[in-house]
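Chains as they are written, first to last, in our numbering: chain A, 1 to 125; chain B, 126 to 569.
Possibly wrong hints are sitting among the right ones.
Chain A regions said to be covered by chain B (calculated; three or more residues, Cβ under 8 Å) [said to hold, decoys possible]:
1) 47-57
2) 106-120
Chain B side only, calculated, beta carbon under 8 Å to chain A, not exhaustive [unchecked claim]:
3) 218
4) 229
5) 314
Simulated restraints on C-beta separations [claimed, not checked]:
6) 97(A) x 388(B): 53 to 59 Å
7) 317(B) x 80(A): 24 to 30 Å
8) 167(B) x 87(A): 14 to 20 Å
9) 460(B) x 88(A): 39 to 45 Å
10) 80(A) x 166(B): 38 to 44 Å
11) 80(A) x 543(B): 55 to 61 Å
12) 129(B) x 87(A): 25 to 31 Å
13) 329(B) x 99(A): 36 to 42 Å
14) 370(B) x 90(A): 39 to 45 Å
15) 125(A) x 182(B): 25 to 31 Å
Hint data in this document are derived by calculation from the structure and do not stem from the laboratory. Glycine included, every Cβ here is placed at the ideal spot set by N, Cα and C.
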Amino acid sequence: MNLRVLAAAVVFAPAAIALPADAARPQARAAGGSVGIAEREFRISVYRRTVAPGTVRFNVRNFGEDVHDFAVVTRGGRIVRQTQAIAAGTTRTLPVRLGAGVYRLICTTADHDARGMHARIRVGR
Amino acid sequence: MAWTEAHVERLFWRAGFGATRAEAERFAKAGRAAAIAHVVDGPGNGPLLAGPAPRNDGKRLNPANEWGDDVLWWLDRMVRSRYPLQEKMTLFWHDHFATSDQDTPLMLRQNQLFRRNALGSFRTLLRGVGNDPAMQMFLSLADSDKDAPNENFARELMELFGLGSGYTEEDIRQAARALTGFESHWDDSGFLGITFNPERHDGGVKRIFGQSGRFMPADVLDLVMAHPRHAPFLVSKLWSFFITAPPPGAAVSSLARVYRGSGLQIKPVVRAILGHPALYSRLGAPDMVKAPVVYVAGSMRQTGTFVTDGAPVWMMEGMGQELFSPPSVAGWDWGPAWMSSNAMRVRFDWANHLLRHGGLNVADDTGDPVLTPDQALAAALAAAGRPHVSGTALTKLRTLAVTARRGLPDGDDKWEVRERVERATMLQRSLRHLLISGPDGQLH
């Protein structure tokens, strides 16, 4: 197989992560919304990178083997809200009212943030 | 071979999620060839989905971001598709290439890969699976490099995906070397994609199945598909998805010839299996246990019920089948393993759910006390989509209908009329429930 062709075939930008054609897509003008989050050692994946201001429901699933938590943090480092511990293989929903801006999403457990468990989400229209 | 409504029902259940009464009548008249062609080739023109769009408590589905909406999204396709075999085969591949614990958007993307290639070329499908991010990360194909080749994907490629037997541990090790070089990419919001990095690929000579070469990842897939064990392995697994009896040796040889002769196309093999007399054995005594999702989707189709809430998600999980989360790389245990005591209780609860919220609903005080036992049973059968019911079960249901009338007051006082209506309502609910939840309802 031509390597360049293969590489082109397997690379896909985040925007190209295909939702089913008849699925609801992020509503740019809707207030808040739901955001899927995956946690594992030592990464956080955010299924939507932008969400409208309002009440945002973070639906967090711990795919890892360790216990994690999930926190929404302002750029200034203030924790807006965080979950309790999320055991391996379990889920938590964290509703947070967020204004426009960029927020860090982190795991506050031990040194997990420093080891890579952090992500960003933009809140805006 | 004679061709009756019972044949159509068997075909439509095994290849999909059941037949409506109208379908059974239409395709019994149309004949065997037309019925199989309709099932295998699909409806042709027109929208693929029929019926109201799915909702979860009034909201549109958001499969990537809302709990369970991914499962509801797929279940809805099974319920509304006019090409049910496509969804059934998507389920087959989901089990065959079982992947779990990956990001929901990637699992949805993989599901689309299975659907797109459900009945097409196995070569195209396997190459798609080999490049699929969810699979690559599940079996550590991503980031397996020449300094530390990971054997997970190579092992399952041979054991579960392509051969079953006829290979050695050394073949796995050499294939793992040839499969190195994929590299995952991430940024501060998660996964970006996977590329092939020649610098991380082992470019040396490998020896696999007795052949030597500087094999690349796609070459490994081709070597597996060219292996003499591949065709018998895959057609046998396909057979077992549709037919409970093990495939006779002659059938395996014949199906393998069809598969090889078509250039590794799936559709001709499935067409041949669906036309095999073994599929239609014991029409009066079905012996294949409905998988939970088949039971749920089938009963929804039977009763004209659509996706409106999240109950199917947790109920199917309680029955032992959580879509997008198979228990291991080997997939689910099918057959009688579905019938644990707890799973059967949840199947019973599912019939309750259909009675309360679905197409089986009987509103309070709407029972017709004038109906004879036979008429009451006929009404319940119609509401439940006229499912298969054995003679024994019919006799017992009729006995229930007769018994329900015993001891009823026959006067015209208000309380007497009300009691007769209430009893008729309860009888109708009981009959409908038992038609879905009883032993016959669990088999197809």
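- prompt: Which numbered hints does this structure break?
  reply: 3, 8, 9, 10, 12 and 13
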